[in-house]
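Engineer: Those protein sequence lines, which keep their order, are chains U and A.
For the first sequence, counting from 1, position 349 maps to 349 in our numbering; every step adds exactly one.
To convert, take the position in the second sequence, counting from 1, and add 1000; that gives our numbering.
Do not take every clue at face value.
Unchecked claim - Computed list of chain A residues with no C-beta within reach of chain U, every gap over 12 Å:
no.: 1; residue: Gly1027
no.: 2; residue: Val1029
no.: 3; residue: Ala1057
no.: 4; residue: Ser1060
no.: 5; residue: Ala1099
no.: 6; residue: Met1180
no.: 7; residue: Leu1181
no.: 8; residue: Leu1183
no.: 9; residue: Val1192
What the hints assert, rightly or not - What follows is a list of derived Cβ distance ranges for each label pair:
no.: 10; chain 1: U; residue 1: Gly250; chain 2: A; residue 2: Ser1028; range: 33 to 41 Å
no.: 11; chain 1: U; residue 1: Asp40; chain 2: A; residue 2: Ser1062; range: 55 to 63 Å
no.: 12; chain 1: A; residue 1: Ala1076; chain 2: U; residue 2: Thr11; range: 53 to 61 Å
These are calculated hints, taken from the structure and not from any lab test.
Note that the Cβ used here is the ideal one computed from N, Cα and C, for glycine as well.
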Amino acid sequence: MTEAALRLLRTGLDATTAASLEACVRCNLCAESCHVFLSDRESASAPAAKVQQVARLYRRYHTLAGALLPRLTGARTLDDAALAELVEGGFGRCTQCGRCTLNCAVGLDPAAAIRFGRAMVSAAGLVPAGIKANVAAALETGNSMRIGADDVRETIAWLEEDLRATTGDPSITLPIDRRGARVLYALNPREIKFFPLSISAAAQLFHAAGESWTLSSTDFDITNYAYFAADRVAAGEIAGHLYARAEALGVRTLVVAECGHGYRSLRWEAPEYLRRPLPFEIRSFVEVLDEYLTAGRLRLDPSKNPERVTLHDPCNLVRNGGVIEPQRRVLRAAAQDFVEMTPNREKNYCCGGGGGLLAASEYTERRLASGRPKAEQIRRTAARVVVSPCHNCIDQLMELNRHYGLGVEIRTLAEVAADALVARPGA
Amino acid sequence: MAPPALLLLAAFAVAAASLAHARFGIGSVRTWLFAPPRARAGAAVRYAFTTAFLPWAKESASGHPVSYLAGIVYHAGIFAMLLALALSLTALQAPPLLANALSVLWGVALAAGLGLLVKRLADVALRAISVPDDFVANLLVDAALAAALAAALVPSARFVFQLTGAALLLYAPLGKLRHMLFLLTSRRLWGVFYGRRGVLP
């Protein structure tokens, strides 16, 4: 186990991460920027402590002083105990939200350094079993929930029928596997299994905007648990499935459903893993909705959502993805009483469910505890509805809602926007 | 050239060569090439090296005003001290007014350095992540600041300043003081990351 991790440490460390490991001065001023530390106040939860787990190994194998004077520099030999600590620190106490990076006094990237620790854990085969299982499923079947193409088609057909009945509009379609469409709308498999109404909401909005779009019955999955596991090869392969599907369908735009890490991994990371540009653009559904509104392709009536609404900023969509204002413009158009959390935008707190932790049941207790800053943010807004453009965050927010007795409704942006839709004249 | 000055000159050369070797040792920094940028990185890189240093720019500064101020003063004193160390190899003399100002700066910086050392010892979370290098590096820098102050007040103490400075420079490539070099790289990349993605400035 340790051999593979050591090989990665010796030969697979990129200069960007190495610079961060070298630049950390252990000032610990980043501690309060981390929601895990804020919730438990344990030294081991501070980002600097987690960075040092990796930095001590780095010094041992990459610096002269670390090799010759390990006690002076705190250098450490990579062994089973060190790997166990990397698992605990990198997965159990970190969601990779990057709030420490934004606030690092030195200006290094603690999240990237901790992610390299995850990569070493991954090389050693010690990734939490739930994450590992999802990676295997995505590699074997094209999606992390092993949903077959027939099941997808069946669900979509049922949704189309249901949508026509509920809206009274027989012209609404949920096209699937349609070559030549302008947009491929790619899904989080949880939508098919557990939240099909978010697909219906998106379909209503595409229909209202007059978009040429399609779903896919295969390789539709935007999630990427290998990205959470920091396994660049597997993460590239998983994203490559969806890229290949988009190319096969000949679309101009791959629209990523509301999923923070899905957007980040597809839009920003995987092209670098695969080292190739893409022949189509990648947009978040949030951006697309905003464009429809700006172009006058959608009309929304905020009075249809009269309750106070607040917005959660998914870390991978906002702080690490750069989609910051579009969801705000959509919400202002779709809801009568939209209030911001404090802090918000790129400074917002992680919900506690990022980094794949929702799939790592061994950390459930800490995951819920580390959601306390988010729960307190929500409570302070006195909102009745919390909107989150990320299905992963939605799962965590629903659990926080129960755990902390928040008494709110958790919804996607598409659902709120669809409820505010005003039928186009003649539609 | 007197022996302390020769030693200092050699120490400068060793430190520069060692730090350059360390920097080249991590390889070339991978830039992002394939995901099209949302915005240009340049503005965020400029932000990283300017506005991002302001006390309200980051929670790490705004939430710890005393540590932030101590850090700023400490590092200002260190930069001035390193410059003075280099100039001590020449015949240049600071004008009296500047020499007095530097004396004050080094005195305050020394106090800040010792304060940060006390904080590292007293703060449980900070102590938990500290290694001996943290204390050695701090004490060596503090000693150099004290020697700079002494040399400013008593010109005959210049050789002590040069010897202390040489010791600091010879130690610098070994441990955390390497951050003086690597923070330039990491800060630039910090700006590139947020700039390309359109998050900052």
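Engineer: Does each hint hold? Answer for all of them.
Structural biologist: So, going through the hints one by one against the coordinates:
Chain U draws Gly1027(A) into its interface by the beta-carbon criterion, the shortest separation being 5 Å against a cut-off of 12 Å. Listed as a non-interface residue, Val1029(A) fails to keep its Cβ farther than 12 Å from every Cβ of chain U; the least gap is roughly 5 Å. Against chain U, the non-interface label of Ala1057(A) is violated: not every CB pair exceeds 12 Å, the least being about 9 Å. With a least beta-carbon separation of about 4 Å from chain U, Ser1060(A) fails to lie farther than 12 Å from that chain, contradicting its non-interface assignment.
Look at Ala1099(A): its CB is around 30 Å from the nearest CB on chain U, clear of 12 Å, so calling it non-interface holds up. Listed as a non-interface residue, Met1180(A) fails to keep its Cβ farther than 12 Å from every Cβ of chain U; the least gap is roughly 9 Å. The beta carbon of Leu1181(A) is not kept farther than 12 Å from every beta carbon of chain U, the shortest such distance being approximately 8 Å. A cut-off of 12 Å between C-beta atoms contradicts the statement that Leu1183(A) is not in contact with chain U; the least separation is 5 Å.
Listed as a non-interface residue, Val1192(A) fails to keep its Cβ farther than 12 Å from every Cβ of chain U; the least gap is roughly 9 Å. Between Gly250(U) and Ser1028(A) the beta carbon distance is about 37 Å. The supplied range of 33 to 41 Å therefore holds. Remark: the range hint 55 to 63 Å for Asp40(U) to Ser1062(A) is contradicted by a beta-carbon distance near 23 Å. Remark: the range hint 53 to 61 Å for Ala1076(A) to Thr11(U) is contradicted by a beta-carbon distance near 40 Å.
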